[in-house]
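Given the coordinates of chain G, work out where chain R should sit on it, guided by the hints.
As a plain string of letters, each chain reads:
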Amino acid sequence: MHFADKQISKSTTIALTVRQSLIMAYRGLIKVRRTPEQLIDVTVQPILFTLMFAYLFGGAIAGNVHTYLPIVIPGILAQTVLTGSVAIGVNLREDMDKGVFDRFRSLPIARISPLAGALIADAIRYIIVTVLTFTMGYIMGMRPHAGFTGVLEASLLAIVFSWCVSWMFAFFGVIAKSAAGVQGISMMILFPLTFLSNAFVPVNTLPGPLKWFATVNPVSRLVNAIRMLLEQGKTGTDFWLSLVGGVVIMTVFSILTVRAYTRKAA
Amino acid sequence: MNSNKLSATAVQAQDLVKIFGDNYAVNGVDLSIPAGGIYGVLGPNGAGKTTTIRMLATLLRPDRGSAKIFGYDVVKDSHIVRQLIGVTGQYASVDEKLSATENLFIFSRLLGLSSRDARRKTTELLEEFGLTEAAKRPLGQYSGGMRRRLDLAASLINQPPLIFLDEPTTGLDPRTRNQMWNTIRRLVDEGSTVVLTTQYLDEADQLADRIAVIDRGKVIAEGTPAQLKAKVGRASLELEVADRENISFATEIISQILMTEVHVTATDLITAPLADAEVITDLLLALRNARIVLSSVSVKSPSLDEVFLTLTGHPTEPTTTVEN
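Each protein sequence line maps, in turn, to chains G and R.
My numbering applies: residue -1 is where the first sequence begins, and numbers increase by one.
My numbering applies: residue 20 is where the second sequence begins, and numbers increase by one.
Bound-form chain G, shown alone (with noise of 0.2 Å):
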């Protein structure tokens, strides 16, 4: 044994804990590669869902599908990639639950990075919703105005934002008992929040407390960022909104997260 050779560090730094995160990504993507069937759920999606409202709503909400469409994608892309990030708890839960889990836990690593490396190998399921949503999109008649770059920038807002409401998910599924239990509340949370919001209809035919909840609903700002973004090529105030947003819920329940988790740990 080598051991007296080495140098004991009494923590980890930023940069390691940066390292380890993408090293724990890696592994994620390997498991993708493994399970594609995880990868169900964003690729049904969007598809099921845009041909599903753009024909059912198009002609009663504004006329025709074509009309209906740059209402209508931008609130898939909310509520597809949003219902992306659900998922992180559930496979959370049930990583936690294997033995490997306690190998982590016992490594001199970043207590986060197991946590953090699961969210980021996540990144490739908004990818494949975004494509997907919008080359849907596409096929169906869609035009931007604000042509490809509107298309990319709405896809990054879109990304991020999930990207940081994925730390709520992520917390459910470190604090819940079993899988089902995060599928579960993680709904509840989720249907509200997409459907009640300005994604498929618009706020003004909604009742009193309906509209009031719709328009303070951030999955709002976020569709109307991303409306903006593709038929002006413009960042507005939703924008900044959603994206000060999305911060605030990702610091929040990241120190949450990782607080219950080195509380199950240690």
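Keep in mind that the hints were calculated from the coordinates and are not lab data.
Misleading hints may appear alongside valid ones.
To be verified - Below, simulated BS3-like cross-link-like pairs (lysine-lysine); rule was C-alpha separation at most 25 Å, straight line: (1) R:K155 x G:K29; (2) R:K116 x G:K29; (3) G:K175 x G:K96; (4) G:K29 x G:K175; (5) G:K175 x R:K116; (6) R:K116 x R:K155; (7) R:K248 x R:K319; (8) R:K116 x G:K96; (9) R:K237 x R:K87; (10) G:K96 x G:K29; (11) R:K155 x G:K96; (12) R:K87 x G:K8; (13) G:K8 x R:K95.
Chain R alone, transformed into the frame defined by chain G:
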């Protein structure tokens, strides 16, 4: 490169307590484990072995008491402690969905090895643990023994001076168990300290330099296997005569010479406690002079089983309790 002077005591635990609900899983465990050699933590299922190990390995926070690994506190200096230990759990702590190569590579990278060194280390360990052929296969197809080997290999990546093995051979077939024993002995020869838990007395007897017997969350005895055996006292003499007719005559002679009580079992085995091995010569001569032909003679040392029974008042039957 600085040289680390590690304390000569690998583990120093004082009054460790862990409570689950209202169950005292560990109820005041004291341990002092010297560096070097194999230390066995012996006890039945549910005695608190795993919980103790998990606290020492920074996986569980003690509710009371303290523990130091080479002088570093498991709670306050957990990051340092994690650099000094390797842990192999009761349930393989490797990634089921990954191959052996991927598992070892990722753990190596996490421990700070460069991509190139991690690959080299992975190849080395796979070779050493006889997993090279199966390296690319997903773990789903691994046997229990292969999984344990991979698990142990993963614990050795950074060559930790202290290795915790929680029931390393439970569920293994005798051949694989022997391989595991050899691997453990080799680790110690290379300078590591190994702390292993086991429910098998035989395993503790074969491997451990010192043993702590744990029952119901407490250490009830500690010492070398020989010291523990000495606690239940003397060896015993067992012999069988060729002709059943001679049993009572033989019993009489034995009783006279050993000056103790002699028992005859239902299978006609004559047994007697043996305080002094010297008297066997006299006894055998006396039996020959009486023309009693023996079919077998043996002297039995007390087994750890007997030690356990004496200490706990209950035998080491595997119970159905699941250790938390």
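Structure versus earlier hints - violations, ascending order: Structure breaks no hint.
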